[in-house]
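K.L.:
Chains as they are written, first to last, in the numbering used here: chain A, 1 to 233; chain B, 1001 to 1286.
The set of hints was computed from the structure by calculation and includes no laboratory data.
For glycine and all other residues, C-beta sits at the position ideal for the given N, C-alpha and C.
Don't take every hint at face value.
One side only, chain B facing chain A, incomplete, derived with CB under 8 Å [unchecked claim]:
| hint | residue |
| --- | --- |
| 1 | Pro1035 |
| 2 | Gln1039 |
| 3 | Lys1083 |
| 4 | Gly1086 |
| 5 | Lys1089 |
| 6 | Val1108 |
| 7 | Leu1110 |
| 8 | Cys1157 |
| 9 | Val1176 |
| 10 | Ser1180 |
| 11 | Glu1185 |
| 12 | Thr1197 |
| 13 | Val1234 |
| 14 | Arg1249 |
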Amino acid sequence: MDWTLLAERLFGKEHGIARDGDFLRGEVEFDGEPLAVIGTTAHAPIGVQLALAQARAVLDVVTHQPGRAILLLIDTQGQQLRRRDELLGINRAMAHLGMCIDLARRRGHRVIGLVYDQALSGGFITSGLIADACDALPEAEIRVMRLPAMARVTKLPESLLAELSESNPVFAPGVRNYVAMGGVRRLWQGDLAQALRDALADAPTQDRRAEDGAARGGRRLAASVVQRVLDAA
Amino acid sequence: MISYAECSARERLAQLVDAGSFHEWLPPAARLTSPHLAQLGLPAAFDDGVAIGRATLAGRAVFVAAQEGEFMGGGVGEVHGAKLVGLFKRALRDRPDAVLLLAESGGVRLHEANAGLIAVSEVMRALLDVRAAGIPVIVLIGGANGCFGGMGIVARCADHVVMSDIGRLAMSGPEVIEASHGVEEFDSRDRALVWRTTGGKHRWLSGDCDALVEDDVAGFRAAAIAALDAARPVTLAALEDEHELLAARLSYDGAEAIPLWASLGVPEPGRVPDLDVAALRGLGVR
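Taking the hints into account, I'd like the entire structure generated from these sequences.
P.N.:
Listed below in structure tokens is the structure:
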């Protein structure tokens, strides 16, 4: 979904979210409460600069609006694939973004991620996947890598990967598979404002994704392996 | 001198911690394998490519994990990731003096991509819980496969990073960047370029790793012992400092390491690739 349409459906025409390049930032009012919106659009590649822009926004909320809820709007093609970004430490910049979000959570900010268009690997892991909860729109797309690239890296035939991606949630792209595995808490259907209201109301503070994945049948082993490590003699 | 890079994960552990002190949880005898590889016609490993357990280091209680680069490049799958998460959760409960992560990984294991991606994010959160409890997390990087992708992010979530000069720490591998933007963007076969961009010396000069050692298990052991009390609380002030440091990097205009090293005050930066670790330290840049 286009971000402006999403913003209007959530917050009305005067939503107050501004776009600067691929970066989105806004202070909106929702149900009479202030809410910080931070995100990206246009399938943004997340390089050092865009990771830092988001981190700056999170730090500013933590500093100036203690406790204010944060909505992360996610639309990314993944990490920026450039040598300069690697030279400058893109992994460190992404870790920094993730740690800023994590700090906000620990200081009592509710942080909700919403994949409203596309989410891939590196751009997703330090945004939605480190929030209290990550939700998605039903038409959004989530994956790690495109199948041709995956075939090249894994040296497996693309036809086999295409076939598997029809049936296997661990493997196949798609938001419903991420729901089944617990990585996405739920999909926002129908009234989006009500979905946001619900998301803010029941944001978990503990990481329940492995348990959710087991209960939903999409990721059967993770939670039990964690428990076995805790119980090992 | 024993090459850290040439050791297996368990060999590294055996020589890094106090002799005979490593006690493994869910060892290969438990035959805990990935359920996702058989359908791809691929062999599984009875530890899913990571050894975890407790040990002592200089007499101090530590929890340890070592990724095996020989198995699927150390890629994080569902079970592999859950073992790491379990180790951090157990550390939160049992309070060792530190957690050591001997990282060697290409990142998310693409063969179980979605589960691996979620698992890496669970590792990040579990690691940060351990740090928030004041228990230092020390990451050691010196395997032939480097530390990439999600594990490159995990490494920078730790308190302390130790690298050898042949270790590599980054996000995307040079092959992936070359495939995406062409050989003129990143020539993955130019080994000197790859190491200048992602290798231990560059990471040490730029401050992305805290200690630089030779490719020697004893060097890693000494650096790990020195880091045992290196807990760095994650505070708002600390993240503001980190932000300032990273933001300053954006003023560097270019993709080449040597002029970057010059801007850091490294004398004769073109010589850096030829210097050994002692000589590099002797430059007095850090």
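K.L.:
Are any of the numbered hints broken by this structure? If so, which, sorted upward?
P.N.:
none
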